[in-house]
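*Asks:* Listed below, chain by chain, are the residues.
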Amino acid sequence: MNDPRPTIRLVVADDHDVVRTGFAGLLATQHDFTVVGTAADGAEAIRISREQAPDVILMDIRMPGTDGIEATRHLTRPGGAGPRVLILTTFDLDEYVYDAIRAGASGFLLKDVTAERLFDAVRVIAAGDALLAPTITRRLISEFATMHRQPDAPPAAELAALTPRETQVLRLVAEGLSNSEISSRLTITEETVKTHVSRILTKLGLRDRTQAVVTAYETGLVIPRTRER
Amino acid sequence: MPGASACGDNDVVQTANGSGLPRLQHTAMARYGPIIGIGLLGGGAVSEALARHPAHSVPGLILLLCLVALATTLPLALPNPTAAGTAVFAAGVMSLAIFSTLTVAGCVAQLVAAYLLGRRGQPAVAAFVVVPYLLIMLTADGHSDTRIIGALLAAAVPAVALLATARRMRHEDIENRAARRAIAGTLLEHTARGERARIARELHDVVAHHISMVAVQAETARLTTPGMPAIGAQRLSAIGDTARAALTEMRRLLGVLREDAEADTADRRPQPGLAQLNELLDEARDATGTGTRLILHGPPVTLDPGVELAAYRIVQEALTNSRRHAPGAAVDVELRYTADMLRLIVRDNGPGPTNGTAAFGHGLLGMRERAAAVGGDLHTGPANAGGFLVEARLPTHTDDTR
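Protein sequence lines correspond, in order, to chains E and R.
My numbering puts the first residue of the first sequence at 1158, with every later residue one more than the last.
My numbering puts the first residue of the second sequence at 19, with every later residue one more than the last.
Keep in mind that the hints are not guaranteed to be accurate.
Said to hold, decoys possible - Covered stretches of chain E (chain R as the covering partner; in silico rule of three or more C-beta atoms under 8 Å from a C-beta of chain R): (1) 1170-1176; (2) 1181-1195; (3) 1217-1225.
As the list claims (entries may be wrong) - Partial selection, computed: residues in chain E whose CB lies under 8 Å from chain R: (4) E1252; (5) Y1253; (6) Y1255; (7) L1266; (8) K1268; (9) T1271; (10) A1272; (11) S1335.
Claimed, not checked - Here are some chain E residues pointing at chain R (derived, C-beta under 10 Å): (12) T1164; (13) I1165; (14) I1203; (15) I1205; (16) F1248; (17) D1249; (18) L1250; (19) D1251; (20) D1256; (21) D1269.
Hints are computed from structural coordinates only; laboratory data are not their basis.
Even glycine gets a Cβ: it sits at the ideal position worked out from N, Cα and C.
Between the sequences and the hints, there should be enough to build the whole structure, so can you do that?
*Replies:* Below, the structure written as structure tokens:
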């Protein structure tokens, strides 16, 4: 992609008008963003998304009728080329975060975030990178993956499609390392790491890095460490 | 250990069976009274024996009679009531059967023994004693004393024992009731606390949402107001920062609140208000198949989210109560909006309040707490035309001029 940065198409879904108009207004101040629609509940979010094909949806969780996590699940069915979902909420409850990620969300943001952080987050999500800070991701996912794991899941059946190198990279991604850290660890170039990561995502049918972390824990590739503290 | 109560050491007389009778005071009277009493009985028995059988009888017989007299009274001092009773009864029966005599003190001792046995909850031993006394009465010759004494004792001994048992059971009953009342009181308090914790969590949610909106509005104003001067942008930034700081604290608080209230899984529905009442009534209709009506008086006004939430929860709980206590009854939900108050009335045409449930049902407790939390009140009771009535009055004006 060598063109000037293409416009990122955005939808804002929240049941409160203040948030819809507020965020839409904020996003509109950025030249690389275009707000193509807003929604007041999950059903409307799904409908608008199908009509407008946005790149990123900012999705509130607590909405009447279909809630945000349900809508996320609909929009991010595996294999589908749907939008990436950035969850917005007032409380970062562990259950919310995990449910959202499992439903296919790419990131999680608090509503009271500053405008600058909001813009940053949207750009990171649109580019397919993971949004959560690696330590938080790790801690959270390891806590929940052990709880949710089916007891007799074959440890790495799904991962048979990966080459040994790719498995190695996946493990490091799950430990929260960034691409540059992985490249130093394995003494390969960052470009190579990126290629590996995108191959991993494609082979496993995952939307983004965050989902890759979830998969690594859930399939038992990575055993969560006991908490340091 | 200094200061520890040494009740075990000082209580001489209280038997260790928890019969529930009041402990005697730790006085000399308590320590020595019974011993003295038994001694007097013994002395009285002996002197009566001596008085009755003057010197011309065989001396050995006198001694024997005195011993028997003592045997019918002194065993009362034995610590074990069963042993004391058995000994006293045996001696008494023997005295009456063999020697055809039982002193007054001896009779009294029989009755005391019976009382002690009954108090301990073992009237059976005393009851058995009826048999020998009856036998004595029936087989004694026409000598009036023995027959009368036998008859009296056969009747009185078990009667006294059962009387003592009845007293003991009554005391136990009183204690049990008191204990049950105490437990019920504690349970009520515990439930009320749980309700308050739930209310706190929900109101916390409402407040956090408001503060979140302040942050969004501050950012929106900062960046999207045309011609915003730098100083204005700074100030709005500061407002946003304050809101964010408040939310950090709110998030901490949430952890505390969630521990106290029963663990609900994180809610994905927005906090309900009166706009969701129709949904609630539809659910009620589906659940019971009966008529549920919504009646509106006065122009509906949207109230503070906290008040709307309280109103919704009160109606929700009232409907649940109706379903539970008056299944199949028709329910009316009435909203009366006035200038400064919302009157909520939920009324069914079921059987109405039964004894005791009206004030103390846990659901009613929760409703009262909710109303109080938003500065209103709630009362319940029989409806005019029969049935149960819940009425809440919630203020719609907050007094901002405190």
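*Asks:* Run every hint past the structure and note whether it holds.
*Replies:* Evaluated hints:
Counting residues of the stretch 1170-1176 of chain E whose C-beta lies closer than 8 Å to any C-beta of chain R gives 4; at least three are required, and the coverage claim holds. Judged by the Cβ-Cβ criterion of 8 Å, the stretch 1181-1195 of chain E is covered by chain R as claimed, because 4 of its residues qualify and three suffice. Counting residues of the stretch 1217-1225 of chain E whose C-beta lies closer than 8 Å to any C-beta of chain R gives 6; at least three are required, and the coverage claim holds. Satisfaction of the interface hint for E:E1252 is found here, the shortest Cβ-Cβ separation to chain R being roughly 4 Å, below the 8 Å cut-off.
Annotation: E:Y1253 was flagged as interfacial toward chain R, and the flag holds, the nearest CB pair being 6 Å apart, inside 8 Å. Hint on E:Y1255 is violated. Least Cβ distance to chain R is approximately 10 Å, over the 8 Å limit. The criterion of a C-beta within 8 Å of any C-beta in chain R is not met by E:L1266, whose closest approach is roughly 12 Å, and the hint is violated. For E:K1268, the suggested interface contact is upheld, since its CB lies about 5 Å from the closest CB of chain R, less than 8 Å.
A hinted interface residue such as E:T1271 counts as satisfied when its beta carbon comes closer than 8 Å to some beta carbon of chain R; here the least separation is about 6 Å, so the hint holds. Among the interface hints, the one on E:A1272 holds; its C-beta lies about 5 Å from the nearest C-beta in chain R, closer than the 8 Å criterion. Interface hint at E:S1335: violated, since its Cβ lies 27 Å from the closest Cβ of chain R, which is beyond the 8 Å cut-off. Residue-level restraint check for E:T1164 is violated (minimum Cβ-Cβ distance to chain R is 18 Å; threshold 10 Å).
Taken as an interface hint, E:I1165 does not check out: its beta carbon lies about 17 Å from the nearest beta carbon of chain R, beyond 10 Å. For E:I1203, the interface hint is violated, the least distance from its beta-carbon to any beta-carbon of chain R being 16 Å, above 10 Å. Because the smallest distance between the Cβ of E:I1205 and any Cβ of chain R comes to about 19 Å, over 10 Å, the interface hint for this residue is violated. Because the beta carbon of E:F1248 sits about 6 Å from the nearest beta carbon in chain R, less than 10 Å, this interface hint is met.
For E:D1249, the suggested interface contact is upheld, since its CB lies about 7 Å from the closest CB of chain R, less than 10 Å. The interface hint given for E:L1250 holds, since its Cβ lies 5 Å from the closest Cβ of chain R, which is under the 10 Å cut-off. This hint holds: E:D1251 has a C-beta 9 Å from the nearest C-beta of chain R, less than the 10 Å allowed. A least Cβ separation of about 8 Å between E:D1256 and chain R falls short of the 10 Å threshold, and the interface hint therefore holds.
A cut of 10 Å between beta carbons decides the hint on E:D1269: the least distance to chain R is about 4 Å, and the hint holds.
Checked against the numbered hints given earlier, the structure breaks hints 6, 7, 11, 12, 13, 14, 15 and satisfies all the rest.
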